[in-house]
Each structure stands twice: as structure tokens, then as C-alpha cells.
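S.K.: Could you build the full structure based on these sequences and the hints that come with them?
Residue numbers (our numbering), protein chains in the order written: chain L, 1 to 345; chain V, 1001 to 1345; chain C, 2001 to 2345; chain P, 3001 to 3345.
Don't take every hint at face value.
Keeping only pairs whose Cα atoms sit at most 25 Å apart, straight-line, the calculated SDA-like set for lysine to any residue is [what the hints assert, rightly or not]:
| # | chain 1 | residue 1 | chain 2 | residue 2 |
| --- | --- | --- | --- | --- |
| 1 | C | LYS2272 | P | GLY3029 |
| 2 | C | LYS2272 | C | GLY2344 |
| 3 | P | LYS3284 | P | ARG3333 |
| 4 | P | LYS3272 | P | GLU3313 |
| 5 | P | LYS3272 | C | GLY2029 |
Hints were generated in silico from the structure; no laboratory data involved.
Everything numeric in this text was worked out from a predicted model, so none of it was measured.
Each chain, written out:
There are 4 protein chains.
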Amino acid sequence: MTASRTFASDNNAGVHPEVMAALAAANEGHVHAYGDDPYTQEAIGHFRRHFGEEVAVHFVFNGTGANVSALGALMRSYEACICPETAHINVDECGAFEHLVGGKLLTVPTSDGKLTAELVEASIHGVGVEHHIQPRVVSITQATEYGTVYTPHEIRAIAEAAHAHGLWLHMDGARIANATVSLGCSLREASLDAGVDVLSFGGTKNGILMGEAVVFADPTMAPGFKYVRKQSMQLASKMRFMAAQFTALLQDDLWWRNASHANAMAELLAQKMASVPGVEIFQKVQANEVFARMPAESIVPLQGVADFYLWDEPHSEVRWVTSWDTTESDVERFAAAALQLAHGV
Amino acid sequence: MTASRTFASDNNAGVHPEVMAALAAANEGHVHAYGDDPYTQEAIGHFRRHFGEEVAVHFVFNGTGANVSALGALMRSYEACICPETAHINVDECGAFEHLVGGKLLTVPTSDGKLTAELVEASIHGVGVEHHIQPRVVSITQATEYGTVYTPHEIRAIAEAAHAHGLWLHMDGARIANATVSLGCSLREASLDAGVDVLSFGGTKNGILMGEAVVFADPTMAPGFKYVRKQSMQLASKMRFMAAQFTALLQDDLWWRNASHANAMAELLAQKMASVPGVEIFQKVQANEVFARMPAESIVPLQGVADFYLWDEPHSEVRWVTSWDTTESDVERFAAAALQLAHGV
Amino acid sequence: MTASRTFASDNNAGVHPEVMAALAAANEGHVHAYGDDPYTQEAIGHFRRHFGEEVAVHFVFNGTGANVSALGALMRSYEACICPETAHINVDECGAFEHLVGGKLLTVPTSDGKLTAELVEASIHGVGVEHHIQPRVVSITQATEYGTVYTPHEIRAIAEAAHAHGLWLHMDGARIANATVSLGCSLREASLDAGVDVLSFGGTKNGILMGEAVVFADPTMAPGFKYVRKQSMQLASKMRFMAAQFTALLQDDLWWRNASHANAMAELLAQKMASVPGVEIFQKVQANEVFARMPAESIVPLQGVADFYLWDEPHSEVRWVTSWDTTESDVERFAAAALQLAHGV
Amino acid sequence: MTASRTFASDNNAGVHPEVMAALAAANEGHVHAYGDDPYTQEAIGHFRRHFGEEVAVHFVFNGTGANVSALGALMRSYEACICPETAHINVDECGAFEHLVGGKLLTVPTSDGKLTAELVEASIHGVGVEHHIQPRVVSITQATEYGTVYTPHEIRAIAEAAHAHGLWLHMDGARIANATVSLGCSLREASLDAGVDVLSFGGTKNGILMGEAVVFADPTMAPGFKYVRKQSMQLASKMRFMAAQFTALLQDDLWWRNASHANAMAELLAQKMASVPGVEIFQKVQANEVFARMPAESIVPLQGVADFYLWDEPHSEVRWVTSWDTTESDVERFAAAALQLAHGV
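M.R.: In C-alpha cells, the structure reads:
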């Protein structure tokens, strides 16, 4: 099997050695299943150190599970969640939100994947009128599906708009580490401190094997979450192995090292590709993703060098994602090949 | 953290070293996410070797996920699944079936956790009448929640009853390995060959870290399964690590060694506990679980020796589960303590 | 088309002339749709006169709609409703509860269709444990599906058991009028005053054209009900015509006259049939239904005289239902035919 | 109570006398409940005369019930329905589609409420990819929520696009009669003959008391519909009274007379209002609805003359709806008042 690295997805990367070591270390004797074990308590402790002692933390299997169980605990079936049209919950989760929650996504077109307070305000209609589904949550993604990052100030404005209307603010933080590194702040400043009520904290894309966490700013906001998680089939039996991975990420700075490296590689890639004739980078590169337009005829040949996704075929838009394990030479080899293709060599 | 082993659950055990080694070996470079990778293909190959070249195999996160996504792909919301009252899908999955599938479980009281063809027949009512939910699937558990095992002959009779009425037969095989070892047959003889249409193949309770598989006898029976899995939030991104564990289990005989050992330990435990005054083992011990009645006042002290569950408090019934890593001395220490408690020492 | 009257169902009867007159009287000009009209206000006023000024009243299309929207407003998908095995929500609503609410019915076998406080207590398990669905509501039917009636004292005991565990008490009152007449009390004494929190108030079986009401003892218990009703597709646009029927029922004593007559006819029928050789009435006749065992070979011939349902074929049990329009001669003709069949004439 | 007529909604109108007479005529003796009665058979016969002998016809309570049960019978939870952003199923049904079907609406912005074949094509993405919900149905409204009407030619183009991708075409025909009259064709030409697979046939807005019908072009396309209807709580017990209303509508030309009158009144209203200074009619008036922009300060005073809805407050857009019972003098009085307001009298 191949050891080559692609730019297709940070899900294509493997697991950081420190995380593998943590799994091995947790594999000792018997502990209670389903989270009633010291590994889980330890991991929750690390989350509390980062996010505040009062937060409630629950581990789930994957990002869809985190998003939908978090929203399911906060919403009734007659309620709606406002999100950008590009949101993962809208386009990449095969309708899990609608099926599990029963409610509706009120989607908002954006150019860069980012909501604003004004867009939130404009999406609130029909409150109190039974014919219309009732807005209840706003969901934003940090970093966005376009690799852009919300500043704490921008989040605060959205949170204030949401809260003024009695709505919760959810953050899909599948790449919260990348966004935090990009902002140069703490995990908490990039999310809860800016007014986020519940965070889907991503682990899988940042070097762990499998697992995400749902972090509620206030444990009283979703008293039924544990039932929602179980009913949503997101409760792991051998929870210690999920928890141990998060301890590995959070106990020192592995979360930061992994994300920081991936972001640096994205920046390097963007810089090198920007000078390739015919390539236009059309979104700000603020995390570990680069979105570009490039000549249609070069796409397949370049995918042969290192795989990536054709994001929007009609517009010849592509996405390149870097990972904790992307190397400078991966970037250089790819950029050199692009340059050769551009010059018709 | 403690290294002691309990009799509470096979979910309390850790991961077999061969499985840990397989995870490490799979951690090499980039592969496509979501199952489009060689590790997944390899694991599917091992399933096909065991169950037949024609089967469709899909990996999911946990047992509830396997059961409910399998049933969800086969049923409409106005259809019902006939199962024993004791079925895991009925009592231990927090209503995941009802919420995800939208249908109803028609539950049948049994003394030993086992359905029969006659019980299935007697549960079929109101076919074709729109006021009544329509039976569509029969679900049995192998080994059952009472640690008993269906013979291939018994399964065949149920399958024939189900199929005669146009119903599918689902098997919750969370402990299919233990049942198979107990029967001394092949995995396939203990399930699909006896008429089972779809099998939830358990891995977690048999020494892996996390993961179950859904095995369809005929790939055409549930063409929408892949969408159901994704929508049910059971699609792992770094699928290779789930697949690699199944390869470890199935490529040689690790599945058999683990289950065989656990079964032997249950037999030893049953044998030793049967001679403890006041202890009555009230279910056949055919897999890795022992169900017993014992004096109420001895339960808490004995849990102090090694933890286990009080299964039915009013009847003073307890459950002891053995695992791939249970040792003879674990059993002896436990039985000796029980004997001491019985003698009031 | 035929004008004959059957004993098959009170749903087979037509509409009382006073109700038809009320429909005609409401057919005047324009009023706001969806309940914002004086007819609806008037009908609510009549409910408040009967049930108390503080109740919240909402009209829906049918009994299933009343039951399921009431329960849906009170429950989350991870919660369960305890009910008799014979409950209409369990056997006659094609899984609407499971599909709409997402939760589970915890069904209790009974001999007469009636729960007791003890049966409720015995059904409450696993509270606080995330693997188990959480009991949230108890549902009883007044009069029951076996034509038996709960006394206020019996209801009070169930309500106390339910409330002691933080559960709501729902009453399916598809035949609340028949039960109330039978008890010789007020509608309120037969339901809310005895501790019922929410009542499905039946109209259709008691002489109206179409419609049921959901009556909440306390308007604050289900603040989202109006959205649940709309989302459950139970909000009538020309609401005035639903409301006008309830005004006809409740403004004077039409509800009482209709139910009283139907009950009297059931009593007469039971009395006459009890003397037919081979006929055994096996449930108390307390409302407008008679349940009997009778010789299998007489059933089809007797259905030819006036239709009725074979309730339980293996046990040769039948159900006879009387209506507001059943006449004494209907009863006498039927009983005479039964007697002739019994004598082999 | 008032006999004044508004322009708020055709749901505010009462019931045509011929429909009331049909209800009275059906109120004779006992018939089987739930549709197994001669009235229902007769009504189905009338539908078959209009739509073809092969169609399957089912009655439901309301428009939301018709739309959602039709779609629910055709779709799985992982499938999507493409519709205009303005569709009733999207904005006016409180999420009933999402809750009952579990799937997603893929909404398309339009200027006039009408889809086109091109818009349908552009909405089909991610087919066969499990991350994305799978398009399964296209839904159009005839007449649209903007009072515009699809020609059979336009419908045919949409049907061809849908069918080419294996999608069904659903028509929300809440105002199918108004559209048909406007087109000057038959009901069938305005719907099924143009390629519609399933039609929600509206009755309530066209002069009946309560009821809609679901008409499947081919009875084999949704074999489970009867269960979906029951589970969706849309099965009326005293079905004869629903059926009798449709017989009244369809047996001669009442459906045409009512719709024709309403359309004529809308045309008259549009003509008169077009000459009021400051009023701009911004949608084609093709059925019984008029959409206009008018000076914000005149809206409330004009609502005092006859009520209507402010459709889009920021743009000062209003909706006027005419009904089977709107009179010329209603229109003249309203237009005269508008003129007076415009002249500041």
C-alpha cells in the first residue's frame, strides 16, 4: 500500500504517532464501558482546562454525529437552523439533520462560507406563526468549508444577533484547531468566548484516528443530550480509546502543532500555486485549505501527481487540503508539476 | 489506572494486541477516506471468504448503528420488526430503532431470549390492513441477550416462517463469534447459511477497538444502504482503521481464539459458581455469559471482588460476562470469594 | 344507498341533525382561516365552561391526530409512553406515534384494557440511564378499547403514580362522552379533575362529522403545541366548520344525549344477547361497546343481519358497537336473529 | 357574525351550497368507515372520469396532508425533492415534509414561482454519492404561490427533465381548478397528461368544506400509500362526507364554475387596481391571486375595507385572493376605496 500524500482531504491522512501511543497506553485491563472510566474523566479535564471548568463535554464518533446530536439536543422538530448554503450539515451529511432532528435548515448564500449578523437577521421570519418553522439555532463553521476563518469579533456579532432573537449559536469546529492557530488565539477565544453556545470540536481532521467532541458552554442547556447521543447511535462502548486520543491532542500542544503545520503547508502551497499561470486562488487562505480556479485541461494530469477534488466542475474550481503530515517536498513537487503543466511541458 | 478484569461486560475489556498491531500497520501515508481504500477492500475480502463471495459488507461504528442502519435500509416507517422482548434493539438502544426507522418493534416474551417459528407466526397480524403496522423483518440475536445460542436448525425454521410471509430475517450478531464457537460450525453456518438475510457482525465485544459490520446475503436487497449509513451518521472517514481491525480478526483465526477463550472462561465460571450454595444458574451457558440467581445480600460484596451487573433486582438475578482477556485466576478468585461469602466467612 | 344501521363501529353512523344545522349556520360570509375566527372562540368557550377556564383547547382532524399531536408536544424522541397493549395508539394507528414522536410505547398486558397504578409503577425502568428510553407519559383510554370505564378514583391513582415519577397523564377520550354518561359525572370529573393532564376529546364517534379536540389542563405544559399540530398536518384551514360542530355538541347537552342513547342501546343489546345460548359477554358493558364470545359458525350469518367485527378470531370473540342513532328495533331485530341462529332455526 | 368577504384567502370563504347539499344527502344511515363505502367509490369514479380510468385516488384532510403523504409514499429519508423556494411545502407547512419524510427540499429561487427544466437540471447534484442526499422528486405548484400558471408545454418540459434523471414529478394542485380554467383545458391536460406523476388535488380553496385528494397516475408507483396516509394521520373515519364533497365538485361542472368565477373576479380586481396611482401589479394574474406593490401607508387603511395579507413587508408587496363567492361589488368597493386612499381623500 502507498505512502504518498494527497491534497484531497485531511481525512486521508493517518494518525499522529503520539495519538497511536496514547491508544496503546490506554489498552490496559478493564475499565467501565460507555465513558464511566478514568480516561474519559481525564480527557474531559483537558477540555475544561481549555474551554472553562463549567463546560459539558461528550465524545461522539464523527463530525456529522457531533453536529446533528448537538442540534438534536437543542431543537424540536418544528424548529429551524440557519446556516450558510455551503455548510457541511447542509451539503455533506446526506440529510442527517433533517432525518434525525426533523426540522429544517434555512440556508443562506454567501461568497466565502461565512454568515454575518445581517444575514442572520434577514433569515428570521414568521416567528410565532404556526405555518412557519421556527428559527432556533444559528450554525457557523470554523474554519469554514471555504477555508476562511471567523474572527472572534465576527462571531460575537453573530452571537449577539442570534441571542437577541432567542437563538442558540452552534459552531461546527471540524477544523477549529486550524482556525484557532490562524487567529493566534486560544481555542476558547475562537469559539465559546465569542458567544458560541455549543461547539462540535473536531479531532479526526487534526491527526487522531476517530472521534469528535460536543462541548456545551453551559451544561444546563441540553439536559437530554446523553439520550440524544445514545439514540443517535453515537455512544462508543470502549469510550476510553476515544478519550485517550483527545488527551493526546490537548494535554500539551499537539492540537496546535498539527494544525499549525497544516496551515503553514497550505500557505506555502497557496504562495507557490499563485505564481502558476492560469491558477487563481479565489478564497482567502486562512486555515489548511486552498480554493483555486485553474485550466480545466490541467486538472486530471495534476490529480495524477497528487489527488485533490474538483470542487465545482462548471467553474473549474478545485480544492487543495493540507494535513498534519504534509511535507514541504509534497508541496514543492505538486507546485512544480503544476508549473510544468502550465507551460505545456 | 487499574488493570483488574471485571465480569461486567465484554465491552470493558481492552483490545487484543494483534488488533493494535494492525492499527499501527495501517497508519502509513494517505489513503482515500470513507472506504475507498485498499484496507477496506482487504477486509471485505476476508468477510467474503467467510460468508460467501456474493455478500455485501459495510462497516459501521457500533452495534446499535449496525442493527438500526441494517433495519432502516430494509424497512419503511409503516413497517414492523418482530423481536424478542429482551432484544438489544428493544431495551438497550434508547429507542434508536423507532427514531431512525420510524416503525414499531413487535416484541415477544420468551424465557430464554430465543424466538421460534411459532412465535413469529403468532406475531403476524393485520397484514394488508392500513390501521395496522405491517410486519417486514424478524430480528434474532446470536448469541442471545441471555447467552443462549440458536442452532442452525432453529434459525432455519425461523427463516422459513419469516420468508413464507415475505419477511426478512435479521441477526444481531454482537456475539456471533461466541455463538459460532459454541456451535462448532463456521460463521456462515451460524448465520447466513441458515437463512439469515442480514447480519450485524460484532467486533467490539470480541477484542477489537471499535467497529461492527453489516453483512447482506444479497447485495440487491438494500440498494440504498450506503445512504442510510451516511444519514445515520455511521460512515467513518478514516475507514482504513476500522477495516484493518476486521482483517486482524478474520484473516487467520483471531475471531475464533478470542471467542473460544471467552466461552471457556464462562463455562469454567459457571461450573465453579454452580457449586456455590445459594447460586442458581438459570440460563444455559452456551456463549460467554452466565445468568444466575444469588442471595441479594451477597451481590454487593461480590461486586467488590470483580464488578458485574445486577440484571433483575426484584428477582436477584445477575449477569457475569467473560472476555477474550479473562484469566483462569480471575475466575478462580471470583468463585472463591463467592464461596466465602456463601459460608459467611 | 342503504340506510341500515350496523354494530360495526360508531364511525359508521352519520351526523346528528343538530350538528348538520350548526354547519349550515356557520356557512356565512368570510372569516379568518386556521382558527382566528369567532366560531372557534365560541367553541373554545364551551370547552372552558365544561373543563375549566384555564384549559387550552385545540381542534384536530381525527383521533390519531389528537393522540399523536398531544403526545408529540409533550415528549422528546428519547422518551416513552406507557399504555395498555390494547391501546388505540399501539394497535390501530399504523405506527403514527413512533413515526411522528420517534419514541417508544411501553405496552402493558391487561385483561380489561385498563392500566392501574401498580402496572404503571412496574413499567418504569432505567430512569436516568442513557441506554434506556425514558418514561415520560402514561396514556389511558376512556372508555377503553374494551368498552370498560375508569372511575375517577382509579384515574386519580394512576395520575398520582405518574406524577410521582414526573410523568404526564394523557387520556385518549375518543369515547369520553360515553364514559362520562356511564359514570354519571361531569366531563371534567371523568378526566381532568381526576388528574389527567391532557385529553384527546372525541367528537366523531359521538355524532359529529369530523373532528377531535386536544385539551390541556394547563396551557403552559406544551407551549409548542400549535407548531406540532401544524407540522403533524392537523391544522384545518376552514376551522370554523370544525369548531361549529363542537359548539353543537357542548352548548347544551347534545354530547350527553348522544352518548346516553348509545350506552342505553349497548346495555339493551348486552341484556338481550346474554340470554342467547352460546353467547358469553366477557367484558363489563359500561359504555357503548359489547364484547362477547359466540359460536364461530354463527358469526357470519349474524353479520348478514347487521355488520360487526370479529375481534379475535382464534377465540371467537366479537365486538358490537352502538351509536347515537341505534334504535331499539335495531337491537331487537339483531338479538332475535341471534336467538334464531342459536336455536338452529 | 359577519358576512363580509375579504381578499385575504380563499380559505376564508365558506362552502358552496351544492356542497352543503351533498353533505346532507350523504347523511343517511350507516356505511362502512374509512372509505369502504359507496360514496367514496362514486367520488373515485368521478376522478377517474376526469383523469383516466387507471388513476389511484385517495382522500386526505388538507393540502399539507396531500403533499406530504404523496411525497412520503414516493421517497426514502435519504432522498430530496426539488421545488421552488416559494413552494407551500417549503414555507407554509412548518417543516411537515422534513419531519414526516425525513428528507430535504432542494429549493430554487424563481421570480414567478415557476420551475423550468433548466432549473431542475441545475439542481441535480451528487447522484450516487453517499454524502449527498439523492434527488427523487420534483414538485411544482399549479397555480403557483404567485398566482401564475404553468402551460402544459412547460410542465411537459419539466416532466421530461425529471424523468430523464429517474425523478417523479409531483404537482401541488391546491388551485388546480383555477389553473385549469385559466388554461382553458381539461383538469387532466393541466396536470397528468403533461407528465405529472402524482397530483395533490385541491378542494378546500374551491368551495368545499374540507378535503383534498391525492391522484397517482399509476397505482403501482406507491403501493404503500395507504399505510403512509394512515400513519400520517390523514385517514378520515367518516370518509363518505369527504367523498361526497368531491362528487359535488366533479360530477357536473361545479369545480369549473367556482374557479372560473374566482378567476374572473381576480382579473376584474387586477384591472381596476392597475389604474390606482401607486399600485403596481408585479406578477401575471392567471388564476385567482393578484400580487401588487403599493404605498406602505395605504396598506392598513385598505385592509380596513377588506382584509388581505402584506406579503413582503420590506418591499411593500401585498396579495389579494378572490374566491368562488367574491362579488363584483366586493371588487368595486375595494378598488374605489383604494382610489380614494391614493388621492388622499
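S.K.: With reference to the structure, classify each hint as holding or not holding.
M.R.: Evaluated hints:
1. Between LYS2272 of chain C and GLY3029 of chain P, the direct Cα distance comes to roughly 23 Å. Compliance with the 25 Å bound is thereby established for this hinted pair.
2. In summary, the hint linking LYS2272 of chain C to GLY2344 of chain C is supported, as the alpha carbons are separated by about 18 Å, within the 25 Å threshold.
3. Of the supplied pair hints, the one linking LYS3284 of chain P and ARG3333 of chain P holds, its CA atoms being roughly 23 Å apart against a limit of 25 Å.
4. Between LYS3272 of chain P and GLU3313 of chain P, the direct Cα distance comes to roughly 23 Å. Compliance with the 25 Å bound is thereby established for this hinted pair.
5. Restraint check for LYS3272 of chain P and GLY2029 of chain C: the C-alpha separation of about 23 Å stays at or below 25 Å, so the hint holds.
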